[in-house]
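Colleague: For this one, chain A is given, so just place chain B on it according to the hints.
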Amino acid sequence: MENKIRFTLNFKTVEISASPLKRLLDVLREDFSLTGTKEGCGEGECGACSIIVDGELVNSCLYPVGRVEGKEVLTIEGFRSTPEFEVLRESFEEAGAVQCGFCTPGMIMAAEFLLRKYPHPTEEQIRKGISGNLCRCTGYDMIVKAIKLASERGDGLW
Amino acid sequence: MVKVYRPSNLKEALEIISSEKCTLFAGGTDLMVKGKSWSGLEPSFDRPVVFISDLDELRKIKINEFFLTIGGACTFTRIIDNSQIPDFIKEAFIMIASPGIRNMATIGGNICNSSPAGDCLPLLYAMDASVVLESIYGRREVNIEDFILGPGKNVIGWNEILTEVRIPTKNFKIRAYRKVGTRKSTALSKVSFAGLAEIEGEELKDIRFAFGAVGPTVVRSRRIEKKIVEMVSEKKLEVGEIKKMYGSIIKPIDDQRSTANYRREVCLRFVENFLMSCKWR
Chain A
0 MENKIRFTLN
10 FKTVEISASP
20 LKRLLDVLRE
30 DFSLTGTKEG
40 CGEGECGACS
50 IIVDGELVNS
60 CLYPVGRVEG
70 KEVLTIEGFR
80 STPEFEVLRE
90 SFEEAGAVQC
100 GFCTPGMIMA
110 AEFLLRKYPH
120 PTEEQIRKGI
130 SGNLCRCTGY
140 DMIVKAIKLA
150 SERGDGLW
Chain B
0 MVKVYRPSNL
10 KEALEIISSE
20 KCTLFAGGTD
30 LMVKGKSWSG
40 LEPSFDRPVV
50 FISDLDELRK
60 IKINEFFLTI
70 GGACTFTRII
80 DNSQIPDFIK
90 EAFIMIASPG
100 IRNMATIGGN
110 ICNSSPAGDC
120 LPLLYAMDAS
130 VVLESIYGRR
140 EVNIEDFILG
150 PGKNVIGWNE
160 ILTEVRIPTK
170 NFKIRAYRKV
180 GTRKSTALSK
190 VSFAGLAEIE
200 GEELKDIRFA
210 FGAVGPTVVR
220 SRRIEKKIVE
230 MVSEKKLEVG
240 EIKKMYGSII
250 KPIDDQRSTA
260 NYRREVCLRF
270 VENFLMSCKW
280 R
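These protein sequences, in sequence, are chains A and B. Numbering of the first sequence is given in numbering that gives the first Met the number 0, commencing with residue 0 and proceeding in unit increments. Numbering of the second sequence is given in numbering that gives the first Met the number 0, commencing with residue 0 and proceeding in unit increments.
The shape of chain A in the complex, shown without the other chains (with noise of 0.2 angstroms):
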């Protein structure tokens, strides 16, 4: 296989040289210096390196760059520039579901992932939306409040 990946990165076209084993996680935080996706356990199971490739919540840390070319990848960084993410920010402040704030990247993707599946999550479904990713500040009500809140005030958006 060749060494350069060609993928999208938060709208744009990329491509890179690397090992296609490298973790994507690595190559976002390294190669393109974007470090809002975490790392938490590098095991898959804590959730802070959650992005969205070609529509689908993944643990960047289990997920080898080799595997992204021609695939659509979606960090918080990128978005940051949607009206999605502007609805979850001022909900995740409002309820004040954001302390540290080391699982909060992770935590916005997997609230994007769970609300364009189910724009109207019950509470049920808001904690297993957000079940694969730990906070161990906030107690998760704040979050999962900050989700219900999002889904009321961005109705019609996802």
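Hints listed in this document are in silico derivations from the structure and should not be mistaken for laboratory results. Be aware that one or more of the hints could be misleading.
A few chain A residues that face chain B, going by a derived Cβ cut-off under 8 angstroms, partial list only [what the hints assert, rightly or not]:
#1 Ile-15
#2 Ser-18
#3 Leu-20
#4 Arg-22
#5 Gly-35
#6 Glu-38
#7 Gly-39
#8 Glu-42
#9 Gly-43
#10 Gly-46
#11 Ser-49
#12 Leu-56
#13 Leu-61
#14 Glu-68
#15 Phe-112
#16 Gly-131
The beta carbon of each residue, even a glycine, is placed where N, CA and C say it ideally should be.
Modeller: Frame of chain A; chain B shown alone:
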């Protein structure tokens, strides 16, 4: 650094693995953890890697009156979102890991990883599922219980790909799937259990129990299942005796996730609970 292949179709993939020993990479959710290195360093693999998760031939789901056929590289999410698959089959997949992992992890990967705690396995054992293995020389079908030999061990050849999982579409009126983990998501099983029973009127036609994470492979006993059917038809079901029989074949171990005693006790209570809830009584 090992070589990495990204074949564009199944034939190409089979040709690659027929000429050298490779590691097949589907969802990668186990492989990337096994090969994990320091942060920032790439994970280590000792053989060339072949990405197979995007092969269309492995991503199909078909259902007819006899079989549900799931492509080896179907992710758990793809299975859960499919409208034709019965809910009780989906249930095992819904309880695995988390949304992000379910978007990557594949049924073929879960089976080939052959972990005693593989969460889709008890249901596949109970349903008498089989797997289709393909190489450039042809294809063969192997029953799931003959496929898995022990923890991480199975009969797949290095030139073969698990292309399909075939599940007989038999209907069962009573179904139960239970998973016991430390928390509800992203937890490896302490115990997993699948129970199925087919009842016509007062008559028990068929009953099946499979237990995961309590032995080197999933535990299922056709002998005890037959005994239960006999006892019920003679209206002499002794739940205590059935529990004793299962107690003698369920031999879990103590490990970081749970203890042998706890695991055995939970399994036996699942059996008791299932039998007590059946309507023939």
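Colleague: Indicate, hint by hint, whether the structure satisfies it.
Modeller: Here's how the hints hold up against the structure:
Taking 8 angstroms as the C-beta contact cut-off toward chain B, the hint placing Ile-15(A) at the interface is violated, the least distance being around 14 angstroms. Against a cut-off of 8 angstroms between C-beta atoms, the interface hint on Ser-18(A) holds, since the closest Cβ of chain B lies about 5 angstroms away. Contact between Leu-20(A) and chain B, as hinted, is supported at the beta carbon level, the nearest pair being about 5 angstroms apart and thus within 8 angstroms. Interface restraint check for Arg-22(A): the shortest CB-CB distance to chain B comes to about 7 angstroms, inside 8 angstroms, so the restraint holds.
Violation of the interface hint for Gly-35(A) is found here, the shortest Cβ-Cβ separation to chain B being roughly 16 angstroms, above the 8 angstroms cut-off. Hint status for Glu-38(A) relative to chain B: holds, with the closest Cβ pair at about 6 angstroms, below 8 angstroms. The restraint placing Gly-39(A) at the interface with chain B is violated, with a minimum CB-CB distance near 11 angstroms, outside the 8 angstroms limit. For Glu-42(A), the suggested interface contact is upheld, since its CB lies about 5 angstroms from the closest CB of chain B, less than 8 angstroms.
Taken as an interface hint, Gly-43(A) checks out: its beta carbon lies about 6 angstroms from the nearest beta carbon of chain B, inside 8 angstroms. For Gly-46(A), the suggested interface contact is upheld, since its CB lies about 6 angstroms from the closest CB of chain B, less than 8 angstroms. Interface restraint check: Ser-49(A) against chain B, minimum CB-CB distance 6 angstroms, threshold 8 angstroms, status holds. Annotation: interface hint on Leu-56(A) holds; nearest CB of chain B at approximately 5 angstroms, less than 8 angstroms.
With a least beta-carbon distance of about 4 angstroms to chain B, the hint placing Leu-61(A) at the interface is held under the 8 angstroms criterion. Against a cut-off of 8 angstroms between C-beta atoms, the interface hint on Glu-68(A) holds, since the closest Cβ of chain B lies about 7 angstroms away. Because the beta carbon of Phe-112(A) sits about 7 angstroms from the nearest beta carbon in chain B, less than 8 angstroms, this interface hint is met. Look at Gly-131(A): its Cβ gets to within about 2 angstroms of chain B, closer than 8 angstroms, so that hint holds up.
Hints 1, 5, 7 from the earlier list are contradicted by this structure; the remaining hints agree with it.
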